[in-house]
Amino acid sequence: MKARFAILLATAALALCALASVAPRALAADTPDPVAEAKLFRDYFTNKFPKVKLEDFVNGPYSMNEDMHKQWLEKEEFPPYQFALDAGKEMFEKPFKNGKTYADCFPDGGIGIRQNYPYFDEKEGKVVTLELALNRCREANGEAPYSYVKDDMASLTAYMAFTSRGKPFDIKIPNDPRALEAYQDGKRYFYTRRGQLNFSCAGCHVQSPGERLRAEVLAPALGILNAMPIYRSEWSGMGTISRRLTTCNSQTRAVPLAPQSDEYRNLEYYLSYLSNGLPISGPGARP
Amino acid sequence: MRAPLVIAGLLVAASVPALAASSEADFKTAYAAAEAAEKQAGNLRNQWLTTEAALTDAKKAADAGNFDQAIASAKEAEALAKASIFQATSEKERWKDMEIR
Numbered sequence: 001m002k003a004r005f006a007i008l009l010a011t012a013a014l015a016l017c018a019l020a021s022v023a024p025r026a027l028a029a030d031t032p033d034p035v036a037e038a039k040l041f042r043d044y045f046t047n048k049f050p051k052v053k054l055e056d057f058v059n060g061p062y063s064m065n066e067d068m069h070k071q072w073l074e075k076e077e078f079p080p081y082q083f084a085l086d087a088g089k090e091m092f093e094k095p096f097k098n099g100k101t102y103a104d105c106f107p108d109g110g111i112g113i114r115q116n117y118p119y120f121d122e123k124e125g126k127v128v129t130l131e132l133a134l135n136r137c138r139e140a141n142g143e144a145p146y147s148y149v150k151d152d153m154a155s156l157t158a159y160m161a162f163t164s165r166g167k168p169f170d171i172k173i174p175n176d177p178r179a180l181e182a183y184q185d186g187k188r189y190f191y192t193r194r195g196q197l198n199f200s201c202a203g204c205h206v207q208s209p210g211e212r213l214r215a216e217v218l219a220p221a222l223g224i225l226n227a228m229p230i231y232r233s234e235w236s237g238m239g240t241i242s243r244r245l246t247t248c249n250s251q252t253r254a255v256p257l258a259p260q261s262d263e264y265r266n267l268e269y270y271l272s273y274l275s276n277g278l279p280i281s282g283p284g285a286r287p
Numbered sequence: 288m289r290a291p292l293v294i295a296g297l298l299v300a301a302s303v304p305a306l307a308a309s310s311e312a313d314f315k316t317a318y319a320a321a322e323a324a325e326k327q328a329g330n331l332r333n334q335w336l337t338t339e340a341a342l343t344d345a346k347k348a349a350d351a352g353n354f355d356q357a358i359a360s361a362k363e364a365e366a367l368a369k370a371s372i373f374q375a376t377s378e379k380e381r382w383k384d385m386e387i388r
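Those protein sequence lines, which keep their order, are chains A and B.
FYI, in the working numbering the residues of the first sequence are 1 to 287.
FYI, in the working numbering the residues of the second sequence are 288 to 388.
For reference, chain B alone in the conformation it holds in the complex (with noise of 0.2 Å):
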């Protein structure tokens, strides 16, 4: 009887951790992601100003120390620097589908 609440204690205390507030790592990990993302679009001349403001974001909400919502911010300009890579590779051929023929 007693062993499914141990069980059930210790699975709530393995869980804790990953509750538990995001670290300085946590966002240098999720930082410099972003970071090799919009060096990539910038290789492709193509970076959006929405992914440097993210970027801009995550750095400032790091600085406070809200390192979640630094997360945050950190993958959200990985998306939008990965959404612009992909814009520039898949414009390479397409953009003659517009030209006036």
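Looking at chain A on its own, in the form it has when it is part of the complex (with noise of 0.2 Å):
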């Protein structure tokens, strides 16, 4: 009798023990971590690309394979988005028509800042994008805004985008629960398989990146936003971050979100913390 209580005891005890080891891990899944996430994000890409420099990842495909960087190279000298950066310079500068300027809306008067964005607004309580930043400046100022998929927002994002080269994302997730959510609701969204296809954004930029879709060179999620916005040949023009998240819910057959969408600009806030430290490379061009 006492030998079958024992055995019972240490049963439960083993039990408790083996239910004390699993729980804390159960919830550290739930619970993001930023930092040791956006490391093991970079380590998983340098690992899988071990010939390709950090830096480098923010040149998307041009960075997978010798022959498409040359590529690059030889298109640089004489760039597709030239035409976008120029307008965007002078769309910038030219006042509203109350006299002010976008870069009355903006810190250091907008130059220079592309690498801060998207940032947490703790007092709305959400992220706010480059490009959601840039029309609520309009309407503040009295004008109309402007589509989020079309030229002229890629446009005045091209030449912000300029004035930040070189300069590295700088994403901040400040001491706020909602932040965290933030990131933790873009990352679901990244992971998350949708549309008739089954694909979700780590199926093609995490997984499969350098390999092939169609004509295609998939490039890596590590730098992804570096270059934005970019000038497509696919396109024949420039292209906003809204235009490339939505065209990618499109050709997983997925009905794309509104553009601005809360999940979009989570989604923007985590990719984009994730290559904190790579530098700005935008405006791009892609193939």
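Think of the hints as simulated: they come from the structure by calculation, not from any bench.
You may find that some hints are simply not true.
Claimed, not checked - If you want the footprint, here are the derived chain B segments under chain A, 3+ residues with CB under 8 Å:
1. 322-335
2. 353-359
What the hints assert, rightly or not - Listed below are several chain A residues computed to face chain B (Cβ distance under 7 Å; list not exhaustive):
3. Leu40
4. Tyr44
5. Arg188
6. Arg193
7. Arg194
8. Gln196
9. Ala202
10. His205
11. Arg253
12. Val255
As the list claims (entries may be wrong) - In silico DSSO-like pairs for lysine-lysine, Cα to Cα no more than 27 Å straight-line:
13. A:Lys172 with A:Lys39
14. A:Lys48 with B:Lys326
15. A:Lys53 with A:Lys70
16. A:Lys126 with A:Lys167
17. A:Lys75 with A:Lys100
18. A:Lys75 with A:Lys89
19. B:Lys383 with A:Lys172
20. A:Lys75 with A:Lys167
21. B:Lys326 with B:Lys369
22. A:Lys126 with B:Lys379
23. B:Lys315 with B:Lys362
24. B:Lys383 with A:Lys126
25. B:Lys379 with A:Lys39
26. A:Lys126 with A:Lys172
27. A:Lys150 with A:Lys126
28. B:Lys362 with A:Lys39
29. A:Lys89 with A:Lys167
30. B:Lys369 with B:Lys315
Cβ atoms here follow ideal geometry from the backbone N, Cα and C, with glycine treated the same way.
Fit the two chains together into the complex; they arrive one by one in their own frames, and the hints show the way.
Structural data, given as structure tokens:
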């Protein structure tokens, strides 16, 4: 009887130990640790592509293939985004009807600040992207907002990115549970499969960078937003981050969400944070 | 001898309505079911372009009076919407398996 009781007691103790060792891990899996996760993310790509220099990941598919890299260098001599860049500078400097300019809406007059966007606005409790901040600036000054997916917005962000070239992404997650929640939500969106083709963002940009999807070479997720906005030969024009995200969704046969919806803003926040330290290289050009 | 023939005749007659062209009412029922499923997918923020296309096809066929085709498209839309709901539901936790750790 005593022996049976001892066995029962030992079994219960073992079960408790097992539970105690598993419970913290289960908890940890649901509580994001952005610093550790960014390191793991970076290590994943640098281990997968040991020949690619860390700062070269911002060049997307051009960092994955030597021939493409050469093509890119030649392209950069007469970059296809030049017209947008010139137009963006002009638009940025032209006063609104009320006499104010974009410079009045941003810190440092809007010059050299791209690397700080998106940021988490603690007052609003949400992520604010550069595209959103630009349209809010327009509306605050009595101007109609621009489409998030068309040329005007791409030109403006192209100019602002250009003034930040070489500056490392510096996205902050303030000590606010809502900011961590936004980060986690962006991560969830990034890894969730969607669309009839059952793809997640990660399916292409984590599992398969450097591989071909039809004629395209897939870009690595690390540094993927540093070159935005981009001129895409496929689009025969410029594209904003909003355009890139909605197009990715429709390519998987998912109905895209509205540009600047919470999910996209959080996704941009998550991806930009993971690229902290990598230089802004926008505007960029892609095949 | 005649009885089996009469029964067979009755059976054939009974099956005729089933083979007849579908009605507008049948289409409306099928379309409403598809729309309801697509709305649920929308609440899960996971609609598919193909579902939307099938719904549009169903409506076009119905407008042209081709209710057989309209019902077939509506049923296809419903099946696609249900698949997208399944995807969204199963991905609620499964996305974590993909995460770099």
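Quick rundown of the hints versus the structure:
no.: 1; hint: 322-335; result: holds (count 4)
no.: 2; hint: 353-359; result: violated (count 0)
no.: 3; hint: Leu40; result: holds, 5 Å
no.: 4; hint: Tyr44; result: holds, 5 Å
no.: 5; hint: Arg188; result: holds, 6 Å
no.: 6; hint: Arg193; result: holds, 5 Å
no.: 7; hint: Arg194; result: holds, 6 Å
no.: 8; hint: Gln196; result: holds, 5 Å
no.: 9; hint: Ala202; result: holds, 5 Å
no.: 10; hint: His205; result: violated, 11 Å
no.: 11; hint: Arg253; result: holds, 5 Å
no.: 12; hint: Val255; result: holds, 4 Å
no.: 13; hint: A:Lys172 with A:Lys39; result: holds, 15 Å
no.: 14; hint: A:Lys48 with B:Lys326; result: violated, 41 Å
no.: 15; hint: A:Lys53 with A:Lys70; result: holds, 16 Å
no.: 16; hint: A:Lys126 with A:Lys167; result: holds, 24 Å
no.: 17; hint: A:Lys75 with A:Lys100; result: violated, 36 Å
no.: 18; hint: A:Lys75 with A:Lys89; result: holds, 21 Å
no.: 19; hint: B:Lys383 with A:Lys172; result: holds, 23 Å
no.: 20; hint: A:Lys75 with A:Lys167; result: holds, 22 Å
no.: 21; hint: B:Lys326 with B:Lys369; result: holds, 10 Å
no.: 22; hint: A:Lys126 with B:Lys379; result: holds, 22 Å
no.: 23; hint: B:Lys315 with B:Lys362; result: holds, 11 Å
no.: 24; hint: B:Lys383 with A:Lys126; result: holds, 23 Å
no.: 25; hint: B:Lys379 with A:Lys39; result: holds, 25 Å
no.: 26; hint: A:Lys126 with A:Lys172; result: holds, 13 Å
no.: 27; hint: A:Lys150 with A:Lys126; result: holds, 24 Å
no.: 28; hint: B:Lys362 with A:Lys39; result: violated, 48 Å
no.: 29; hint: A:Lys89 with A:Lys167; result: holds, 19 Å
no.: 30; hint: B:Lys369 with B:Lys315; result: holds, 18 Å
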